[in-house]
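**Student:** Listed here are the chains, written in short residue letters.
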Amino acid sequence: MHGQHGEIVIDPVTRIEGHSRITISLDEAGAVAGARFHVTQFRGFERICVGRPMHEMPAIMARICGICPVSHIVASSKACDEIMAVSPPPVAVSLRRVINLAQIVQSHALSFFHLSSPDLLFGFDAEPAGRHLFGVAARAPELARDGIALRRFGQTVIEILGGKRIHPGWVVPGGVSHPLQPDQRDGILDTVPEALAAVRRGLAWYRSRLAGFADEAGAFGTAPMLSMGLVHENGNAAYSDGDLRVVDPDGALLADRIDPKPYWDYLGEVAQPDSYLKSTYWKALGHPGGTYRVGPLARLNVVDRLGSAEADDRLGEFRDRVGRTPQSSFHYHEARLIEILHAITVIGRLLAAPEILDRRVQSMAEVNRSEGVGVSEAPRGTLMHHYRVDDQGLVTWVNLVIATGHNNEAMNLAVAEAAARYVDAGHLTEGMLNRVEAAIRCFDPCLSCSTHAIGQMPLEVELRGADGGLLDMVARP
Amino acid sequence: MTQRGRRPRFATVWLDGCSGCHMSFLDMDERLLELAEHADLVYSPLVDIKEYPDDVDVCLVEGAVSTTDDVEKVRVIRARTRTLVSFGDCAVTANVPSLRNPIGPEPLLQRAYVDNVDLHPGVPTEAVPTLLPRSVGVHKAVPVDVFLPGCPPSADVIYETLLRLLGIAAPPERPLRFG
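Line by line, the protein sequences give chains X and D. For what it's worth, my numbering labels the leading residue of the first sequence as 1, then goes sequentially. For what it's worth, my numbering labels the leading residue of the second sequence as 1001, then goes sequentially.
Careful, some of the hints might be misleading.
[Said to hold, decoys possible] Selected chain D positions facing chain X (Cβ under 8 Å, derived; list incomplete):
#, residue
1, D1029
2, H1038
3, P1121
4, G1122
5, P1124
6, E1126
7, P1133
8, V1136
9, V1142
Treat the hints as calculated values from the structure; they're not laboratory data. C-beta: ideal position from N, C-alpha, C; glycine also.
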């Protein structure tokens, strides 16, 4: 596959969640002219839900994504709360927080340990055949086992609360379907110390590796841009509730504690001719000036503090080292680990409160409004579900703004920057291309979520000049 | 069924699904490492092998067949795999992806990329595959050897199925449950 001036195609991008390819375009001199990230799956949830009963929406929305179904169930149920014009009972709000934080733990563990740690352990130029979780398990068994244990912790919390690990029920319009039982609470609390120990080891290991990746940290998506995320009234990080805050690259507030529900006032969506993933932009600054990041790094940039002592200590050290609002996307990795630490701590805190066992967990109502928006923080960033229904509660219109879509422009800038920095068209190596993919891995994109189809079978990467002639070729095993 | 005289080789692939079956595969937790002691994962979104290799003993195929690329890919997999497992409800029945079948691809694309954007409306056509008129189960595209239903199949079911198909362990005494 080659275009006007020759292209290098990486297809499929591996060790990410979903289907995509990267095209690196070359100018007539054979130098890197740019790079694009293409998402190749399309699912059309905004249309296929039309006509479904509102109460089915959380269960259908969960099937958008098997990695973060809980995020979709939470945002979907919140949109339905709005349509029913009810507030869930306070304990249901807390229980939704617990399951949403468990989702963040397991998803972040997957991203860091299962998908990205091979690059950080073996280096970006390592032999690809052994550059995976099983290779990590052979070389550094404790690291692999800590990753598996952290993901298991999050998944087990979800299973205990929601009945199953993937596509659970339980979070429903109006609250949650069942109160928490004392033995369930105790079962989770017993495992908190072990999970905290695992993430502490992971964070220490990451920091011990960091010095070796100074160059990549300076080239994996460093373009200055806005950061967006939810915060509580006191400026602490919010995941299931809260209001929007947007800061510029220097940390100056562009918007603070604004209601996220009328998102269309602030955010615009742009279709791309070469990807099934749409992009978004902050309307006040237009496109592309209003490009922003969401997700772990953006959340750390917008919050005053996370809101748990140990994680805030780690956040303080992070800020001392990389600045108050770091712009290198490489730092998503460390942000993810700090968020895991925070999330496990808060799960422990919420479950230790006696009122978590309250029996009144669901507010009952039918349709009282024709429209509702639910907003929460998914592992990868701010998630918005927006539904309209008729008088019978049948869905008439759906719009979804997905975390990975917010990051689409930032990911495209990151692959272009990494390609320009590392790809030498004259002497193509596999490690160069792995770095371009790794720039994408920093964002932990979830492409099932963001829409999609499937990449072609790539047999090798060919480097072609402007005349279409073969300059170099790397066969990937 | 595996080749004698070498370690068993298995693969996992996602077509049009939500990745949930792959997440259930990861939910084998520490059993993943046990599996890796006995067999090699030779192609998967989890590893960096970009071309589907020859001589694969078992492949778990998640997701429905929804695009021209899915068809091409699953044909290559079929040709190079001894035992092809239709992995999860989307592969077995087309499940959630098939919700679009009564509507057809055009109205879906129109809704997502024309009606629902503020800037540059237009259906993507460059570097993306074409949607098939209908999303179908894997067995509609190629012959399937084993069907593993569930949304997703549980980690226990996946583990026991792989042990059996890869010849690592005898079939379990208790029957597999799919509920």
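**Student:** So, for every hint listed, does it hold in this structure?
**Tutor:** Hint by hint, here is what the structure shows:
1. D1029: For D1029/D, the interface hint holds, since the closest Cβ of chain X sits about 5 Å away, which is under 8 Å.
2. H1038: It is violated, given that the least Cβ distance between H1038/D and chain X is near 12 Å, above 8 Å.
3. P1121: It holds, given that the least Cβ distance between P1121/D and chain X is near 6 Å, below 8 Å.
4. G1122: This hint holds: G1122/D lies near chain X, its Cβ roughly 5 Å from the closest one there, short of 8 Å.
5. P1124: holds (6 Å)
6. E1126: holds (4 Å)
7. P1133: violated (13 Å)
8. V1136: Violated - the Cβ of V1136/D stays beyond 8 Å from chain X, reaching only about 14 Å at its closest.
9. V1142: Hint violated; V1142/D Cβ to chain X Cβ min 14 Å, cut 8 Å.
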